[in-house]
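Engineer: Protein chains in written order, with this note's numbering: chain A, -8 to 190; chain B, -8 to 190.
Certain hints may be false.
One copy or any two copies: either way a pair holds, since identical chains are not told apart in the list.
[Said to hold, decoys possible] Listed next, the in silico EDC-like pairs over lysine to aspartate or glutamate satisfying Cα-Cα at most 16 Å (straight line):
| no. | residue 1 | residue 2 |
| --- | --- | --- |
| 1 | Lys27 | Glu48 |
| 2 | Lys93 | Glu73 |
| 3 | Lys27 | Glu87 |
| 4 | Lys93 | Asp57 |
| 5 | Lys27 | Asp107 |
| 6 | Lys93 | Asp68 |
| 7 | Lys93 | Glu130 |
| 8 | Lys27 | Asp59 |
| 9 | Lys93 | Asp59 |
Derived from the structure by calculation, the hints contain no laboratory data.
Protein chains: 2
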Amino acid sequence: MAEGSDDIQALIALMSRLPGLGPRSARRVVLHLIRKRAGQMAQLAQLLDSVAQHSRECMTCGNITDRDTCAICADPDRATGEICVVEDVADLWALERGHAFKGRYHVLGGTLSALDEIGPEDLGIPNLVDRIQRERATEVILALNATVDGQTTAHYIADALDSTGVTVTGLAQGVPIGGELDYLDDGTISAALRARRRL
Amino acid sequence: MAEGSDDIQALIALMSRLPGLGPRSARRVVLHLIRKRAGQMAQLAQLLDSVAQHSRECMTCGNITDRDTCAICADPDRATGEICVVEDVADLWALERGHAFKGRYHVLGGTLSALDEIGPEDLGIPNLVDRIQRERATEVILALNATVDGQTTAHYIADALDSTGVTVTGLAQGVPIGGELDYLDDGTISAALRARRRL
Ligand SMILES: [Zn+2]
Ligand SMILES: [Zn+2]
Chain A
-8 MAEGSDDIQA
2 LIALMSRLPG
12 LGPRSARRVV
22 LHLIRKRAGQ
32 MAQLAQLLDS
42 VAQHSRECMT
52 CGNITDRDTC
62 AICADPDRAT
72 GEICVVEDVA
82 DLWALERGHA
92 FKGRYHVLGG
102 TLSALDEIGP
112 EDLGIPNLVD
122 RIQRERATEV
132 ILALNATVDG
142 QTTAHYIADA
152 LDSTGVTVTG
162 LAQGVPIGGE
172 LDYLDDGTIS
182 AALRARRRL
Chain B
-8 MAEGSDDIQA
2 LIALMSRLPG
12 LGPRSARRVV
22 LHLIRKRAGQ
32 MAQLAQLLDS
42 VAQHSRECMT
52 CGNITDRDTC
62 AICADPDRAT
72 GEICVVEDVA
82 DLWALERGHA
92 FKGRYHVLGG
102 TLSALDEIGP
112 EDLGIPNLVD
122 RIQRERATEV
132 ILALNATVDG
142 QTTAHYIADA
152 LDSTGVTVTG
162 LAQGVPIGGE
172 LDYLDDGTIS
182 AALRARRRL
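Build out the structure end to end from the sequences listed, making use of the hints.
Structural biologist: Okay, here's the thing in structure tokens:
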């Protein structure tokens, strides 16, 4: 038992499986927390517990929230008729940090993928079409990653929305080929949004 | 409020201050945990709470443990008369992973530093000298980092132990100049320990 106690070893093992961390960084984080335990560790435990208990998906858009309806869907100022479709909550957060978009979102939770057998139903694309019609949206911005799967999904959604008459746009070229939104700086993502083009 | 809820934002802020993490990696970790919340997040909260409550320093060697005396100090097979002095618990863990040392440890918790006004008393060096005499240790291995402060501290301790008659050794050259133990691979650290030299 090299690392102090069974609980410490279990904590390191659990942390080393988090994205971006490995065994070495997990050990450093855990040692850091043990040294600061009076403050940070108890606070971290309490926040993790609270977030675990209260986080859920917004029933309307799929954003993560601690209520039935997220703050963006609940804000009447954001009823602009524009709905921005993203793959992931991380992309929604990235767009919000850019402060360029004033409408609402729709989180798919992934992309179509023949390989992983993810079809339109798995991503709730029929529900998205219903929502667009129910809310009489004027514009749908497909802010999907510039990857093959992201662009395949964008074309599929554009086709599915064809009969609704809504304007469908995509982010401007400015998102690098193969680029993932969450890795772009906030200025690039805002510029690409402002220069969005009709698909 | 871009990131879901006040608690989520606080959790991201706290995580982004951990060593090796920044805002982007903290956001990815928190999103990952929220997606897995049924399992990993509650488990992580519980382990953090348990480790925060039960972790303390071994009264004998300064290792982190959940008892008064750590498993290494409590193990009679490790009463070899050899005491390995390290700067930090991370270094003790690194040596244990190498499986080359069968004695006991002494964790200084830092190095002498004129700049940071850290003197021998702050590192408990008088207590170390007492312990060496009380336990009638036969060899003290100074496994300090190959940095200026680490080597200054090693020479200071070697001088302080001069009158006790104990054999004082250091790790073999093999630890690169300026290298920090916790960044070495386990094989290098074991080889350097086996080839340790008398100071
Ligand atoms: Zn929402
Ligand atoms: Zn101990």
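Engineer: Each hint needs a verdict: does it hold in this structure or not?
Structural biologist: Okay, the hints, checked on the actual structure:
In this assembly of identical chains, the alpha carbons of lysine 27 and glutamate 48 lie at most 16 Å apart only when taken from different copies (13 Å versus 33 Å within one copy). Taking the shortest alpha-carbon separations for lysine 93 and glutamate 73, only the intra-copy value of 8 Å comes in at or below 16 Å, while the best inter-copy value is 67 Å. Within a single copy, lysine 27 and glutamate 87 get their C-alpha atoms no closer than 32 Å, and across copies no closer than 23 Å, so neither meets the 16 Å cut-off. Taking identical chains as interchangeable, the C-alpha atoms of lysine 93 and aspartate 57 are never at most 16 Å apart, the minima being 21 Å within one chain and 52 Å between chains.
For the homomeric pair lysine 27 and aspartate 107, neither the shortest alpha-carbon distance inside one copy (43 Å) nor that between copies (19 Å) is at most 16 Å. When the C-alpha separation of lysine 93 and aspartate 68 is checked against a cutoff of 16 Å, the pair qualifies only within one copy, where the shortest distance is 8 Å, while the shortest distance between copies is 68 Å. For the homomeric pair lysine 93 and glutamate 130, the shortest alpha-carbon distance inside one copy (12 Å) is at most 16 Å, but the shortest distance between copies (70 Å) is not. Taking the shortest Cα distances, lysine 27 and aspartate 59 never come within 16 Å of each other, neither inside one copy (36 Å) nor across copies (19 Å).
For a Cα distance limit of 16 Å, the shortest separation of lysine 93 from aspartate 59 qualifies neither inside one copy, at 21 Å, nor across copies, at 57 Å.
The structure is inconsistent with the numbered hints 3, 4, 5, 8, 9, although it conforms to all the rest.
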